[in-house]
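Let chain G serve as the given structure and place chain R on it in line with the hints.
Here's the letter readout for the chains.
Protein chains: 2
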Amino acid sequence: MEQYCFGVDVGGTGIKVGLFDASGNLVDKWAFDTRKTDDAKDIFKDIADFINFKIKEMKLNKDQILGIGVGVPGPVRENGYIPNFANLGKADFNIIEELHRLTGITVRTANDANVAALGEQWKGSGKGFQSMVMVTLGTGVGGGVIINGKILAGSFGAAGEIGHILVNPDESRLCGCGKCGCVEQYASATGIVRLAKDFLKNWDKSTNLSETEEISAKLVFDLAKEGDELALKVVDEACRYLGIALAQVAQVVDPEAFVIGGGVSKAGDILIEHTKKHYVPNVMKALKDREFLLASLGNDAGIYGCARLILS
Amino acid sequence: MEQYCFGVDVGGTGIKVGLFDASGNLVDKWAFDTRKTDDAKDIFKDIADFINFKIKEMKLNKDQILGIGVGVPGPVRENGYIPNFANLGKADFNIIEELHRLTGITVRTANDANVAALGEQWKGSGKGFQSMVMVTLGTGVGGGVIINGKILAGSFGAAGEIGHILVNPDESRLCGCGKCGCVEQYASATGIVRLAKDFLKNWDKSTNLSETEEISAKLVFDLAKEGDELALKVVDEACRYLGIALAQVAQVVDPEAFVIGGGVSKAGDILIEHTKKHYVPNVMKALKDREFLLASLGNDAGIYGCARLILS
Chain G
1 MEQYCFGVDV
11 GGTGIKVGLF
21 DASGNLVDKW
31 AFDTRKTDDA
41 KDIFKDIADF
51 INFKIKEMKL
61 NKDQILGIGV
71 GVPGPVRENG
81 YIPNFANLGK
91 ADFNIIEELH
101 RLTGITVRTA
111 NDANVAALGE
121 QWKGSGKGFQ
131 SMVMVTLGTG
141 VGGGVIINGK
151 ILAGSFGAAG
161 EIGHILVNPD
171 ESRLCGCGKC
181 GCVEQYASAT
191 GIVRLAKDFL
201 KNWDKSTNLS
211 ETEEISAKLV
221 FDLAKEGDEL
231 ALKVVDEACR
241 YLGIALAQVA
251 QVVDPEAFVI
261 GGGVSKAGDI
271 LIEHTKKHYV
281 PNVMKALKDR
291 EFLLASLGND
301 AGIYGCARLI
311 LS
Chain R
1 MEQYCFGVDV
11 GGTGIKVGLF
21 DASGNLVDKW
31 AFDTRKTDDA
41 KDIFKDIADF
51 INFKIKEMKL
61 NKDQILGIGV
71 GVPGPVRENG
81 YIPNFANLGK
91 ADFNIIEELH
101 RLTGITVRTA
111 NDANVAALGE
121 QWKGSGKGFQ
131 SMVMVTLGTG
141 VGGGVIINGK
151 ILAGSFGAAG
161 EIGHILVNPD
171 ESRLCGCGKC
181 GCVEQYASAT
191 GIVRLAKDFL
201 KNWDKSTNLS
211 ETEEISAKLV
221 FDLAKEGDEL
231 ALKVVDEACR
241 YLGIALAQVA
251 QVVDPEAFVI
261 GGGVSKAGDI
271 LIEHTKKHYV
281 PNVMKALKDR
291 EFLLASLGND
301 AGIYGCARLI
311 LS
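From first to last, the protein sequence lines stand for chains G and R. Residue numbers are given in full-length UniProt numbering: position 32 of the first sequence equals residue 32, and the series is strictly consecutive. Residue numbers are given in full-length UniProt numbering: position 206 of the second sequence equals residue 206, and the series is strictly consecutive.
Because the hints were derived from the structure by calculation, they are not lab data. Only true hints are included.
A pair holds if it fits inside one copy or across any two, identical chains being indistinguishable in the list.
Dumping the calculated SDA-like pairs for lysine to any residue here, alpha-carbon to alpha-carbon at most 25 angstroms:
| id | residue 1 | residue 2 |
| --- | --- | --- |
| 1 | K218 | F292 |
| 2 | K127 | E78 |
| 3 | K285 | L174 |
| 4 | K36 | G12 |
| 5 | K285 | G138 |
| 6 | K59 | W30 |
| 7 | K288 | S172 |
| 8 | K179 | P169 |
| 9 | K54 | L311 |
| 10 | K277 | E171 |
| 11 | K233 | E171 |
| 12 | K225 | I215 |
| 13 | K285 | C177 |
| 14 | K288 | N148 |
| 15 | K201 | P169 |
| 16 | K150 | E78 |
| 17 | K285 | G128 |
| 18 | K288 | N84 |
| 19 | K41 | G74 |
| 20 | K277 | P169 |
| 21 | K233 | N168 |
| 22 | K285 | N168 |
| 23 | K288 | N168 |
| 24 | K276 | G178 |
| 25 | K233 | S172 |
| 26 | K285 | G80 |
| 27 | K288 | P169 |
Note that the coordinates shown come from a computational prediction; the quantities given were computed from them, not determined experimentally.
Bound conformation, chain G alone (with noise of 0.2 angstroms):
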């Protein structure tokens, strides 16, 4: 009788749930849409009726089914209480007690940021290193850390947060975090757009950023591509914060590889040379030959991370 696992990746906007087999291959996968409620129990009941009817239209028995891994956004501690949950309604309670009460199921879960990193590491770019970190550029910057192949979770489900390293400690302007300087404020996407806003007005050369009404981080890499110096100057910048970032965490953990990912990874090599260019002038003299990846596995890191939560 074959064995599966689910992965469930809770995201603020939408859920996706992967169903693996015992050997980690994706057998299919779905999305829906995250439930709009001020009880983020509410979104756990979604999560069990959609795996409880998948096993069922599946034709399915509950004993095939090894476990559920789930990533959230937001802290949360090995034994599956989360304190709060970010932007998505009041918590305070246990996900896996709630998750197993509903299905019947062994769960297991994780932080968001940390399964991707395991995803990565696991069937992705990260493959064949047993310690990795790994960074999620997107709105805000996210972070993995993995050693010896698991997740480190932290003593209270908070490390890996390397979007709010400290790179330039003259900044007055306040990250979402409440503090000021923190590489999220450059690296992610909103903060290379607002880096682009900012060398534009003291910009007095030709550039195609300053035609464009809007300035998306995707356009700053393209007209970087293109050979805009401004642009160039803006990915640099960028680079630079993150080189920074992503040297100080090597000097605490010393992982074998970077892998870099989110919406902002699409920009391709050009993100890697620029953000290596400037980790090694920043970084002791044992760690600057570390390895520097493109994620590969998109948006389905996180379900194959959760799914190895399981089948580890």
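Leaving out everything else, chain R in the frame of chain G:
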């Protein structure tokens, strides 16, 4: 037949050796000078001779010795290979193989700052914490990260290099590591003295610091405790940089506690108070509530940690 192990902490000037029983009690300890040599293998020959002699002298049987744990300055891989050996002569050999060849006893090894952290977590101030970061404030600033009761060594033995976390991008003076603005440049004994000299230049109020020719970190702390305004400013500035550095470390590994050791930590509670004061505003909300403790094993932390490498 009672069983024992040796803990050997190799330093630049001296080598400390501890004999422990199987329960981790320190039975006896000795120290001898580190030989000045161009070939680090000589140092391991001295260690082997010493241990072989002690075994004979104490009428022990080699079967009674569970192993030798060795802490060495500089990065060392878990398999025992050392590429270079700080300032103790040329290396490029395997410590474990070398010392086993000379003694016939099982050998395990780790970096000196890491074994000190392990010692404090096992038998010192970190007792009761499964994850802990130790920072050692001496001539330089060393660090060790303990996760689930084990050293986080890193992929090439270079994890826990907390002394070289960037805290001041505006610094133009070089750190020993070749970069600028590392926390070691401000929070080490040397760094504190330099801060004091810098601050003195622009100080026109009264202070007892200027009256002395020889400024030491101890003097700065002593005067700060007596209420000397300038000394307090220096202490606060050194602790500000240390607090910022530890905040970055927390965001990567989320430890339960920080333990501060090394010569500078003899200053006592004033160091903890000022460091925590600057840690809190510089770290994410989920990480603010962490313990800060003074190390309690002093110079023995290393030999305890070395013993723990064998007795874990």
